[in-house]
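4 protein chains.
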Amino acid sequence: MTESQDFPFHHRLRVRWTEVDMQGVVFFGHYVTYFDLAMAEYFRAMGRPYPDGLVAGGGDLFVKKVDCEYFGSARYDDLLDIGVRTARLGRSSLTLAVAVTRDGETLAAGEVVYVHADPESRQSVPLPEDLRASIEAFDAG
Amino acid sequence: MTESQDFPFHHRLRVRWTEVDMQGVVFFGHYVTYFDLAMAEYFRAMGRPYPDGLVAGGGDLFVKKVDCEYFGSARYDDLLDIGVRTARLGRSSLTLAVAVTRDGETLAAGEVVYVHADPESRQSVPLPEDLRASIEAFDAG
Amino acid sequence: MTESQDFPFHHRLRVRWTEVDMQGVVFFGHYVTYFDLAMAEYFRAMGRPYPDGLVAGGGDLFVKKVDCEYFGSARYDDLLDIGVRTARLGRSSLTLAVAVTRDGETLAAGEVVYVHADPESRQSVPLPEDLRASIEAFDAG
Amino acid sequence: MTESQDFPFHHRLRVRWTEVDMQGVVFFGHYVTYFDLAMAEYFRAMGRPYPDGLVAGGGDLFVKKVDCEYFGSARYDDLLDIGVRTARLGRSSLTLAVAVTRDGETLAAGEVVYVHADPESRQSVPLPEDLRASIEAFDAG
Numbered sequence: 035m036t037e038s039q040d041f042p043f044h045h046r047l048r049v050r051w052t053e054v055d056m057q058g059v060v061f062f063g064h065y066v067t068y069f070d071l072a073m074a075e076y077f078r079a080m081g082r083p084y085p086d087g088l089v090a091g092g093g094d095l096f097v098k099k100v101d102c103e104y105f106g107s108a109r110y111d112d113l114l115d116i117g118v119r120t121a122r123l124g125r126s127s128l129t130l131a132v133a134v135t136r137d138g139e140t141l142a143a144g145e146v147v148y149v150h151a152d153p154e155s156r157q158s159v160p161l162p163e164d165l166r167a168s169i170e171a172f173d174a175g
Numbered sequence: 035m036t037e038s039q040d041f042p043f044h045h046r047l048r049v050r051w052t053e054v055d056m057q058g059v060v061f062f063g064h065y066v067t068y069f070d071l072a073m074a075e076y077f078r079a080m081g082r083p084y085p086d087g088l089v090a091g092g093g094d095l096f097v098k099k100v101d102c103e104y105f106g107s108a109r110y111d112d113l114l115d116i117g118v119r120t121a122r123l124g125r126s127s128l129t130l131a132v133a134v135t136r137d138g139e140t141l142a143a144g145e146v147v148y149v150h151a152d153p154e155s156r157q158s159v160p161l162p163e164d165l166r167a168s169i170e171a172f173d174a175g
Numbered sequence: 035m036t037e038s039q040d041f042p043f044h045h046r047l048r049v050r051w052t053e054v055d056m057q058g059v060v061f062f063g064h065y066v067t068y069f070d071l072a073m074a075e076y077f078r079a080m081g082r083p084y085p086d087g088l089v090a091g092g093g094d095l096f097v098k099k100v101d102c103e104y105f106g107s108a109r110y111d112d113l114l115d116i117g118v119r120t121a122r123l124g125r126s127s128l129t130l131a132v133a134v135t136r137d138g139e140t141l142a143a144g145e146v147v148y149v150h151a152d153p154e155s156r157q158s159v160p161l162p163e164d165l166r167a168s169i170e171a172f173d174a175g
Numbered sequence: 035m036t037e038s039q040d041f042p043f044h045h046r047l048r049v050r051w052t053e054v055d056m057q058g059v060v061f062f063g064h065y066v067t068y069f070d071l072a073m074a075e076y077f078r079a080m081g082r083p084y085p086d087g088l089v090a091g092g093g094d095l096f097v098k099k100v101d102c103e104y105f106g107s108a109r110y111d112d113l114l115d116i117g118v119r120t121a122r123l124g125r126s127s128l129t130l131a132v133a134v135t136r137d138g139e140t141l142a143a144g145e146v147v148y149v150h151a152d153p154e155s156r157q158s159v160p161l162p163e164d165l166r167a168s169i170e171a172f173d174a175g
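From first to last, the protein sequence lines are chains B, U, X and W. Sequential numbering of the first sequence, starting at 35, is according to our numbering. Sequential numbering of the second sequence, starting at 35, is according to our numbering. Sequential numbering of the third sequence, starting at 35, is according to our numbering. Sequential numbering of the fourth sequence, starting at 35, is according to our numbering.
It is possible that part of the hints are untrue.
[To be verified] Coverage of chain X stretches by chain U, computed from C-beta distances (three or more under 8 Å per stretch; other residues unrestricted):
#1 60-71
#2 93-102
[Claimed, not checked] Below, computed lysine to any residue pairings styled on SDA-like, alpha-carbon distance capped at 25 Å:
#3 B:K99 x W:D101
#4 B:K99 x W:G81
#5 W:K99 x W:G124
#6 W:K98 x W:H44
#7 W:K99 x B:T129
#8 B:K98 x W:V147
#9 X:K98 x U:T120
#10 X:K99 x X:L114
#11 U:K98 x X:M56
#12 B:K98 x W:G106
#13 W:K98 x B:L47
#14 X:K99 x U:R119
#15 W:K98 x B:R166
#16 U:K99 x U:D137
#17 B:K99 x B:D137
#18 B:K98 x W:Q57
#19 W:K99 x B:G58
#20 U:K98 x X:R136
Don't read these hints as lab results, they were simulated from the structure. Even glycine gets a Cβ: it sits at the ideal position worked out from N, Cα and C.
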């Protein structure tokens with residue numbers, strides 16, 4: 035299981051009433067929204083706010099794959115910590131690792147794979163060098 | 035309370051798991067989403083699907099006001115009927131009346147006021163005559 | 035239009051990607067969710083977190099009515115301020131006034147009416163005196 | 035890529051306005067909600083509506099893992115077909131395969147792994163034999 039200290043960036047949020055289901059726990063799909071929120075804050079903290087700071091130069095980032103594994107259940111009003119780091123930088127792809135924790139207990143963890151591609155043709159395009167450099171510098175602390 | 039038979043159009047939907055809160059009832063804000071879904075189907079049935087069929091000619095419809103009164107609670111898996119009609123046609127505004135019923139029992143009812151305006155200046159613009167005619171013909175049955 | 039300084043409590047939030055529609059503005063129904071979020075924080079700040087701190091003693095608070103008027107459009111990443119105050123305290127009802135502002139500009143404002151009732155019979159029950167006292171003290175600052 | 039004809043069950047739905055983002059496509063996280071909706075209908079069609087028909091006998095089904103791969107983008111008003119089948123039946127786990135298609139084109143496909151466990155201890159418990167039999171009979175057609 036991913037350790038909290040492995041993440042160069044953490045976003046904190048409080049579970050909303052509308053995110054909790056009739057069993058009193060956060061609906062499993064909403065963790066993917068939490069991933070998205072934390073990834074947006076990760077890029078903002080890097081000085082590359084989504085979408086404009088992130089995808090200058092013609093290409094765009096498309097989500098290619100997401101997975102999430104569940105280890106526990108978040109409840110209404112819980113304060114969650116969502117850690118984000120870049121797990122892999124490919125030629126034209128970018129994989130973020132994300133973990134949702136509460137008081138140090140990992141509730142969910144997963145990865146989101148982005149492909150950098152031409153918005154028209156959807157052909158992959160190499161990641162811009164300056165984005166690559168920003169990510170590496172940010173994750174190195 | 036609005037009677038079900040007053041509506042020229044009815045949209046049916048099933049309550050989703052993600053719309054029900056930890057008290058086992060649909061979150062009150064989601065009724066506004068139900069209103070929106072049913073209004074979109076109302077305009078589609080009229081031959082004026084939102085947004086393109088509805089707002090040709092330069093103006094656009096902006097929501098100016100919404101209200102909703104609650105009389106009961108929808109639950110998971112409930113089959114709901116959402117009635118829609120145009121309650122008022124102003125010079126540049128359009129008020130829809132909407133009611134959410136389950137087996138003939140009204141659970142919620144309200145109105146949505148749209149203003150037809152210029153997207154840039156936000157100055158109100160008279161409703162197109164053909165839209166007015168479509169609505170009057172549709173509601174007259 | 036409600037003035038920002040009229041509110042004893044303000045909750046700040048950032049507009050999420052998932053709350054913005056294809057016209058680049060927050061879907062009108064999501065303002066009701068913003069109302070709900072801010073009201074929950076209002077009661078938490080009062081020392082009466084929803085639901086347990088709010089509804090001891092057998093009765094429960096049910097939303098009876100909501101209305102919202104729109105004056106502008108929130109966009110992705112906007113930082114919003116949501117002001118909350120109790121507008122009316124009835125024998126068994128409670129009306130909250132809420133306004134959503136961005137940099138001092140009011141984007142939406144409305145009211146939410148709660149009725150204090152028996153969860154089984156849905157008959158209204160007088161508001162507990164201590165809740166009434168908490169609200170009056172909190173709003174008086 | 036999963037072929038549409040591989041699925042014993044299909045659920046159809048129309049993309050909602052609130053599910054589309056400012057780039058005009060369905061937010062990637064909402065596909066997981068589509069999975070959930072279709073899985074609920076799959077079990078309903080099987081005569082085992084979630085949650086009561088599914089989890090009698092003390093155990094409950096918990097989502098352990100979800101993954102989704104994206105091949106295209108759904109847009110506002112699209113009519114989607116969501117195919118569901120049971121991909122694996124373990125001793126105490128259940129894996130559903132799901133694919134979202136539009137006019138025969140696969141837009142997204144993935145799997146959801148459920149574990150059958152004791153709600154208190156979260157220890158895994160063998161799947162009830164009658165649930166196993168229902169699933170096998172339903173998927174065999």
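Verification of the hints:
Requiring three or more residues with a Cβ within less than 8 Å of a Cβ of chain U, the coverage given for the segment 60-71 of chain X holds, as 8 such residues are present. With 7 residues carrying a beta carbon less than 8 Å from a beta carbon of chain U, the segment 93-102 of chain X meets the three-residue requirement, and the given coverage holds. This hinted pair checks out: B:K99 and W:D101 have alpha carbons roughly 7 Å apart, not beyond 25 Å. Of the supplied pair hints, the one linking B:K99 and W:G81 is violated, its CA atoms being roughly 32 Å apart against a limit of 25 Å.
At most 25 Å may separate the alpha-carbon atoms for a hinted pair to count; W:K99 and W:G124 meet this at roughly 14 Å. As the CA atoms of W:K98 and W:H44 are separated by approximately 23 Å, the hinted pair is consistent with the 25 Å bound. As the CA atoms of W:K99 and B:T129 are separated by approximately 18 Å, the hinted pair is consistent with the 25 Å bound. With a CA separation close to 20 Å, the supplied pair B:K98 and W:V147 stays within the 25 Å bound.
Our distance criterion of 25 Å between C-alpha atoms is met by X:K98 and U:T120, whose separation comes to about 24 Å. This hinted pair checks out: X:K99 and X:L114 have alpha carbons roughly 23 Å apart, not beyond 25 Å. Proposed proximity of U:K98 and X:M56 is supported: the alpha carbons are some 18 Å apart, at most 25 Å. Between B:K98 and W:G106 the alpha-carbon distance is near 9 Å, which keeps this suggested pair within the 25 Å criterion.
Taken as a hint, the W:K98 and B:L47 pair is honoured in the structure, with Cα atoms around 23 Å apart against an allowance of 25 Å. Between the alpha carbons of X:K99 and U:R119 the distance comes to roughly 20 Å, so the proposed pair stays at or under 25 Å and holds. For the suggested pair W:K98 and B:R166, the alpha carbons sit about 33 Å apart, so the restraint of at most 25 Å is broken. Restraint check for U:K99 and U:D137: the C-alpha separation of about 28 Å exceeds 25 Å, so the hint is violated.
The straight-line distance between the Cα atoms of B:K99 and B:D137 is roughly 28 Å, outside the 25 Å bound, and the hint therefore fails. Of the supplied pair hints, the one linking B:K98 and W:Q57 holds, its CA atoms being roughly 16 Å apart against a limit of 25 Å. Straight-line distance between C-alpha atoms of W:K99 and B:G58 comes to about 19 Å, which keeps the hinted pair within the 25 Å bound. Our distance criterion of 25 Å between C-alpha atoms is met by U:K98 and X:R136, whose separation comes to about 18 Å.
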